[in-house]
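Student: Take a look at the letters that make up each chain.
Protein chains: 2
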Amino acid sequence: MAFRLPAAALRPLRSSVHLKPTMQQTRWLATPTPFPVTQDMTSSRGPTAMVFLNMGGPSTVDEVGDFLSRLFADGDLIPLGRLQNYLGPLISKRRTPKIQKQYAAIGGGSPIRKWSEHQCDEMCKLLDQISPETAPHKPYVAFRYANPLTEHMYRQLLADGFGNGKGGRAVAFTQYPQYSCSTTGSSLNELWKWRQRLEGKAGPLDDGSDGTIKWSVIDRWPVHPGLVEAFAQNIEAKLQEYPPERRDKVVLLFSAHSLPMSVVNRGDPYPAEVGATVHAVMQRLGHVNPYRLCWQSQVGPQPWLGPQTQMSVEEYIAKGQKDLVLIPIAFTSDHIETLYELDEEVIGESGHKDTVKRVESLNGNPVFIRALADLAKTHLDSGIATSPQMSLRCPGCKSDRCHESKKFFAAQELA
Amino acid sequence: MAFRLPAAALRPLRSSVHLKPTMQQTRWLATPTPFPVTQDMTSSRGPTAMVFLNMGGPSTVDEVGDFLSRLFADGDLIPLGRLQNYLGPLISKRRTPKIQKQYAAIGGGSPIRKWSEHQCDEMCKLLDQISPETAPHKPYVAFRYANPLTEHMYRQLLADGFGNGKGGRAVAFTQYPQYSCSTTGSSLNELWKWRQRLEGKAGPLDDGSDGTIKWSVIDRWPVHPGLVEAFAQNIEAKLQEYPPERRDKVVLLFSAHSLPMSVVNRGDPYPAEVGATVHAVMQRLGHVNPYRLCWQSQVGPQPWLGPQTQMSVEEYIAKGQKDLVLIPIAFTSDHIETLYELDEEVIGESGHKDTVKRVESLNGNPVFIRALADLAKTHLDSGIATSPQMSLRCPGCKSDRCHESKKFFAAQELA
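These protein sequence lines map, in sequence, to chains R and U.
Per the numbering used here, residue 32 is the first one in the first sequence, and the count goes up by one each step.
Per the numbering used here, residue 32 is the first one in the second sequence, and the count goes up by one each step.
Among these hints, one or two may not hold up.
One copy or two, either will do: identical chains are not told apart, so a pair holds if it fits within one copy or between any two.
What the hints assert, rightly or not - Calculated pairs, EDC-like style, for lysine to aspartate or glutamate (alpha carbon to alpha carbon, straight line, at most 16 angstroms):
#	residue 1	residue 2
1	Lys429	Glu346
2	Lys224	Glu260
3	Lys384	Glu276
4	Lys245	Asp159
5	Lys245	Asp191
6	Lys245	Glu94
7	Lys429	Glu345
8	Lys350	Asp431
9	Lys232	Glu380
10	Lys132	Glu376
11	Lys269	Glu153
12	Lys197	Glu276
13	Lys197	Asp97
14	Lys350	Glu435
15	Lys350	Asp152
16	Lys197	Asp237
17	Lys353	Glu272
18	Lys429	Asp97
19	Lys129	Glu375
Read the hints as simulated data drawn from the structure, not as lab findings.
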């Protein structure tokens, strides 16, 4: 079945975008050129590679060791300074048996690959419909610490006909709604590293380009209405499990992965963006229930941002508040931090498994997948390579890698 | 001139409110009673005392000593534990000469009283127009550490005919847009303390009431559209001072008063709500400029939430980013933290006074004052005493005062 050409395809670029035009785009608007017409207008700018970035997780218990060794080697996530290469392997080796047991307890591996591939596939199908001018959209997943690794994704892109003198367009779409240098920043640095290794030496072609892949980045989306709606619906569904007379008094505990205070104090934007997500969800819910934002998964002796999720649950129970709903607010699919840490440890050890509950993760939620498609469509229409916010380093940033990586993505010209 | 009766006065209560009705209100809706008709329907529920809560500041240099001694005596703001009564006076006495010099440098005193009284007066005039059913609205200001103190405000309320067997309605309206236990919480605890001292022993009257003042609370409003609009307009005005070719690259540095990490880790809601304000303002501005949220006014050796404002300015300048606009995002009028700390210290010592600037504070901004009136009108229409969020203590809270104060306000019945 052929795509019908939607009205949107006939509008000039940026028409549906909320960002102000940049200087360059203002000039473009001032001297309009005819909309380019090709024989196949429905895919005049495709194909487009849609690359989901996430941390990933071991799909089997046997992969736990490799996963942890990559994780503790990442100075963007766990800053161990000069001792990274020495301490990282030590810590990861020591933690492997314990973490293997946790993955065994949740069914033998993380479901994050399954969900990421499903979400990306389904989003690309929707995009082919709502953005035919950039179709076909080809789904890729690039994990930071597990298969499919960023390197493998990049090699696959090249094998599939992107780059290598043929150019082509790829969108790096972070699956962390809120930006942290530890998460999205680390994934982008890794993507930049492999891009430099695998395409960095490309020379100029006859047409003046260098035939490499043109990258653009969707770097954060903490208050996208579809994301907010998906969270809110899941919370409403969970609240239905409480008797009506107790329902409005249930305390909503939003829980996000914590950060070391050294990262917070450097100026990482994540805590403020998580706050924005929480407030947007509460507005959508009409502020009926009391709530708090707390932070989970602290490791090691250095100070991390609090209040801690487990402490918060224990303290509320001690105060007599036993109706609690936990909401993982900074991750879009199930993983060890929901299935083990929240379900087995925080809830399991609370002594009140009947009244302390967790909302469903977004996983295959169709409202969420439509939100992803809407985000991607808006981005593709915008013609921008990165948000102005992404190009700003943290005030306390000392990382040359961050500097170079941000410069690279911000300089991408999407003709 | 007589007020015309607006259509709103004929609608049942809560009609314009976004909050879901509580159980009690659901019952009320299920069995509607006729709207009460009085001879003077335009003020059937007035008069209403509108009480602005804020920290206050010394209006003259001579008041600095008293101001600081009250400030360092407040365990909600500066938790010194058992040593509060000993350490507080010591610290305040030692700091007085230095702080006196700062107030001398900004003209001999804080303008916060002038602005608070102006804002409250103007809001009450607007309310008399848009909420005639609760008119007349009588303006009061209650500061935590300076005149007019909460005690004096409460005595004035009684002298003006509220309470003392005559009942009457008063709204405690925090002037901190984002809720912290250190600020709004402390003001409410103080209000509750004086209410107990001055009205706590009232006995039952013939009509079954106790004739005391009925209190309700506007406890937070971090993303009110009028607040966001006022901030955004001030930022846009400041950006106009930069040449067009540099304007979109100016970094916006939102600056809020920091908190000790002990308060953050106890579960204080303030950091997340400040994050929500920042995001709402950036959305209104179309995310054109890069930005960061940073925190100012840390004192003492214990860890506070960062990144610090002064460090952020220094680091950005060191990175070559000299176009910076500072935005005080958690306070609604000028005070020592804007006029001295930001203007004299952060900007004055930056070496780049020509390119590092501060936006105007909200002060007498009519957009902001309309926002205050809209917040008050919505609250008065809602018929609720406190938000569900206000009645929830922090997970790590150990304060009996917080517990009792929250219980008191949440239990107020607005007939």
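Student: Take the hints in turn and mark each one as holding or not.
Tutor: Here is how each hint holds up against the structure:
Proximity of Lys429 and Glu346 under a CA criterion of 16 angstroms is satisfied inter-copy only: 10 angstroms between copies versus 38 angstroms inside one chain copy. When the C-alpha separation of Lys224 and Glu260 is checked against a cutoff of 16 angstroms, the pair qualifies neither within a copy, at 36 angstroms, nor between copies, at 41 angstroms. In this homomeric assembly, Lys384 and Glu276 never come within 16 angstroms of each other (Cα to Cα): the closest approach is 19 angstroms inside a single copy and 59 angstroms across copies. Proximity of Lys245 to Asp159 under the C-alpha cut-off of 16 angstroms is found in neither arrangement, the shortest distances being 20 angstroms within a copy and 59 angstroms between copies.
Proximity of Lys245 to Asp191 under the C-alpha cut-off of 16 angstroms is restricted to the intra-copy arrangement: shortest distance 15 angstroms within a copy versus 71 angstroms between copies. With identical chains, the CA atoms of Lys245 and Glu94 are never at most 16 angstroms apart, being 33 angstroms at best within one copy and 63 angstroms at best between copies. Within a single copy, Lys429 and Glu345 get their C-alpha atoms only as close as 38 angstroms, which misses the 16 angstroms cut-off; across copies the closest is 14 angstroms, which meets it. Proximity of Lys350 and Asp431 under a CA criterion of 16 angstroms is satisfied inter-copy only: 12 angstroms between copies versus 48 angstroms inside one chain copy.
Proximity of Lys232 and Glu380 under a CA criterion of 16 angstroms is satisfied in neither setting, with 54 angstroms inside one chain copy and 45 angstroms between copies. For the identical chains of this complex, Lys132 and Glu376 are intra-copy neighbours only, at 13 angstroms inside a copy versus 54 angstroms across copies, given an alpha-carbon limit of 16 angstroms. Proximity of Lys269 and Glu153 under a CA criterion of 16 angstroms is satisfied in neither setting, with 25 angstroms inside one chain copy and 45 angstroms between copies. In this assembly of identical chains, the alpha carbons of Lys197 and Glu276 never lie at most 16 angstroms apart, being 63 angstroms within a copy and 35 angstroms across copies at closest.
Taking the shortest Cα distances, Lys197 and Asp97 never come within 16 angstroms of each other, neither inside one copy (34 angstroms) nor across copies (74 angstroms). In this assembly of identical chains, the alpha carbons of Lys350 and Glu435 lie at most 16 angstroms apart only when taken from different copies (13 angstroms versus 50 angstroms within one copy). Taking the shortest alpha-carbon separations for Lys350 and Asp152, neither the intra-copy value of 46 angstroms nor the inter-copy value of 41 angstroms comes in at or below 16 angstroms. Taking CA atoms no more than 16 angstroms apart as the test, Lys197 paired with Asp237 passes inside one copy only; the shortest distance there is 12 angstroms, against 89 angstroms between copies.
Taking CA atoms no more than 16 angstroms apart as the test, Lys353 paired with Glu272 passes inside one copy only; the shortest distance there is 14 angstroms, against 54 angstroms between copies. For a Cα distance limit of 16 angstroms, the shortest separation of Lys429 from Asp97 qualifies neither inside one copy, at 28 angstroms, nor across copies, at 44 angstroms. In this assembly of identical chains, the alpha carbons of Lys129 and Glu375 lie at most 16 angstroms apart only when taken from the same copy (14 angstroms versus 54 angstroms across copies).
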